[in-house]
Every structure is written in structure tokens, then in C-alpha cells.
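Start from chain A and add chain B according to the hints.
Here the protein sequences come in this chain order: A and B.
For the first sequence, this note's numbering begins at 1 and goes up steadily by one.
For the second sequence, this note's numbering begins at 1 and goes up steadily by one.
Among the hints, a few may not be true.
Stated by the list, open to error - Here are the simulated DSS-like cross-link-like pairs (lysine-lysine), alpha carbons at most 27 Å apart as the crow flies:
hint, chain 1, residue 1, chain 2, residue 2
1, B, 23, B, 12
2, B, 13, B, 23
3, A, 44, B, 12
4, A, 107, B, 12
5, A, 44, B, 19
6, B, 43, B, 23
7, B, 19, B, 74
8, A, 107, B, 23
9, B, 43, B, 19
10, B, 19, A, 55
11, B, 74, A, 68
12, B, 13, A, 47
Quick caveat, the hints were computed from the structure, so don't treat them as lab data.
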Amino acid sequence: QSALTQPPSASGSPGQSVTISCTGTSSDVGGYNYVSWYQQHPGKAPKLMIYEVTKRPSGVPHRFSGSKSGNTASLTVSGLQAEDEADYYCNSYAGSNNFAFFGTGTKVTVL
Amino acid sequence: EVQLVQSGAEVKKSGESLKISCKGSGYIFSNSWIGWVRQMPGKGLEWMGIIYPGDSDTRYSPSFEGQVTISADKSISTAYLQWSSLQASDTAMYYCARLVSSTYYFDYWGQGTLVTVSS
Numbered sequence: 001q002s003a004l005t006q007p008p009s010a011s012g013s014p015g016q017s018v019t020i021s022c023t024g025t026s027s028d029v030g031g032y033n034y035v036s037w038y039q040q041h042p043g044k045a046p047k048l049m050i051y052e053v054t055k056r057p058s059g060v061p062h063r064f065s066g067s068k069s070g071n072t073a074s075l076t077v078s079g080l081q082a083e084d085e086a087d088y089y090c091n092s093y094a095g096s097n098n099f100a101f102f103g104t105g106t107k108v109t110v111l
Numbered sequence: 001e002v003q004l005v006q007s008g009a010e011v012k013k014s015g016e017s018l019k020i021s022c023k024g025s026g027y028i029f030s031n032s033w034i035g036w037v038r039q040m041p042g043k044g045l046e047w048m049g050i051i052y053p054g055d056s057d058t059r060y061s062p063s064f065e066g067q068v069t070i071s072a073d074k075s076i077s078t079a080y081l082q083w084s085s086l087q088a089s090d091t092a093m094y095y096c097a098r099l100v101s102s103t104y105y106f107d108y109w110g111q112g113t114l115v116t117v118s119s
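For reference, chain A alone in the conformation it holds in the complex (with noise of 0.2 Å):
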């Protein structure tokens, strides 16, 4: 098993919207809703932005929400401000034997 897979890299103007998508399998994505993103400014420690899929740490703006549709999650950042340039990190449970995995990663630009 390994890392689920996200594109390297997103981008858009501020105010538009970017979606990043996290790809695994029926065993771990597709089998559980037990999807978080996370946040990665450089430098700094990663911080949690969705869980459970759809729900939002009190404190995190309405503008970050998730999905699921199979075997992919989605993370969609809506209204992009310049300070949500980030790295940007899923993360799946994948059962008991097989733990969980944190996806490839995919660094947003905000042009």
C-alpha cells in the first residue's frame, strides 16, 4: 500500500475557487468516512482544516469544505486569499491491519 495519490500542484487568482483531489481505493478512501486535510504553510507544523470528510475544526473559514465520491476525496477552497497558499495534505484510515496513509500532497499558488 501506498501514499494516496494527489495532484502536485493547484492554482488560482484570489476570489476564484481551486479543487484538489486525493485519490485511493475501496480499502481506505472509498471505504471509510475517515478523510482529514491538512495545512502546511513552509516551515510551519501541519495544521487541520477538514475531518470526517465534510467537517470543519471550530476556527478554520467556511471557505475550506470536503467531499467524497468513491474512491476520491476532495478538498475545495472557495474565495482564494493569498494566505491560503500552502501545501495541502490528505489523510485516510485504511483499516486496522493496514493503518493509514497521508496523500502525495499538492501545493496551492494563489496567482
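Same frame as chain A, now just chain B:
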């Protein structure tokens, strides 16, 4: 306020041993799993393993089984990650994070410990 505070940066030579720490506060440390995550230079995040400080139940990602040892001392609310013989390939940033085990996500993260190993 939940906080995880990690020990400082380390510079070691190949073959040396090392133990880094992660101290929790602001919650009942014994009652939540703690995970360790590796980030090699310029690369992505990797699960290493998790520990439940209440009874020291420990689970390792297959890639790290036998390569590192995860432990915890609940009396001082601290989790540890250790190596018996470092290699240059262990050079990375290491994060601890609190795991919400019911749905498997990390809600709070430490600031990271940079480990540099020279050959």
C-alpha cells in the same frame, strides 16, 4: 489549551542513538493516542506509528517497524521517539500529534523536531 511541545533540534552522526520527546498539556494525556509523523526534506508527510499513553499500546506503520521505538511516560505526559543507530536517511523533521482515534485524524500538532544526521 491543548499543547504539544517537542524537544529541540538535534545534530548527530551516523550510528549514534537518539531519543526525542513530545510533552502534552491542557488535556488528559493518558486518554488520547499520540502519533509520530516524518517529513523528509522537501517531501510529504508519513505516518510512523502511534501510542496510547494510558497503557503504552503501540502500533507501527510497516515502513517503520523495527526502525524506531515509540514509548511514553504518562506520569510526565511525554511521548518519545527513539533510534538505536541513526542513518543519514533519518535526516528529517519529526512531528508528534494527538490522534482522534474514533475517526483517525490529528487535531493538535507539535512544532516539530529537526533531526540532522551526518555520515
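Right, here's what the structure says about each hint:
1. Distance restraint check for residue 23 of chain B and residue 12 of chain B: the Cα-Cα separation of roughly 22 Å lies within the 27 Å cut-off, and the hinted pair is therefore satisfied.
2. This hinted pair checks out: residue 13 of chain B and residue 23 of chain B have alpha carbons roughly 25 Å apart, not beyond 27 Å.
3. Of the pairs offered as hints, the one joining residue 44 of chain A and residue 12 of chain B holds, with about 23 Å between alpha carbons and a cut-off of 27 Å not exceeded.
4. Straight-line distance between C-alpha atoms of residue 107 of chain A and residue 12 of chain B comes to about 31 Å, which puts the hinted pair past the 27 Å bound.
5. With a CA separation close to 22 Å, the supplied pair residue 44 of chain A and residue 19 of chain B stays within the 27 Å bound.
6. Between residue 43 of chain B and residue 23 of chain B the CA atoms are separated by roughly 25 Å; this keeps the pair inside 27 Å, and the hint holds.
7. With a CA separation close to 16 Å, the supplied pair residue 19 of chain B and residue 74 of chain B stays within the 27 Å bound.
8. With a CA separation close to 30 Å, the supplied pair residue 107 of chain A and residue 23 of chain B exceeds the 27 Å bound.
9. A C-alpha spacing of about 23 Å is found between residue 43 of chain B and residue 19 of chain B, which places the hinted pair at or below 27 Å, so the restraint holds.
10. Restraint check: the Cα-Cα separation between residue 19 of chain B and residue 55 of chain A comes to about 35 Å, which exceeds 27 Å; the hinted pair is violated.
11. For the proposed pair residue 74 of chain B and residue 68 of chain A, the alpha carbon gap of about 38 Å is over 27 Å, so the pair is violated.
12. Our distance criterion of 27 Å between C-alpha atoms is broken by residue 13 of chain B and residue 47 of chain A, whose separation comes to about 31 Å.
Violation of the numbered hints given earlier is confined to hints 4, 8, 10, 11 and 12; the remaining hints are satisfied by the structure.
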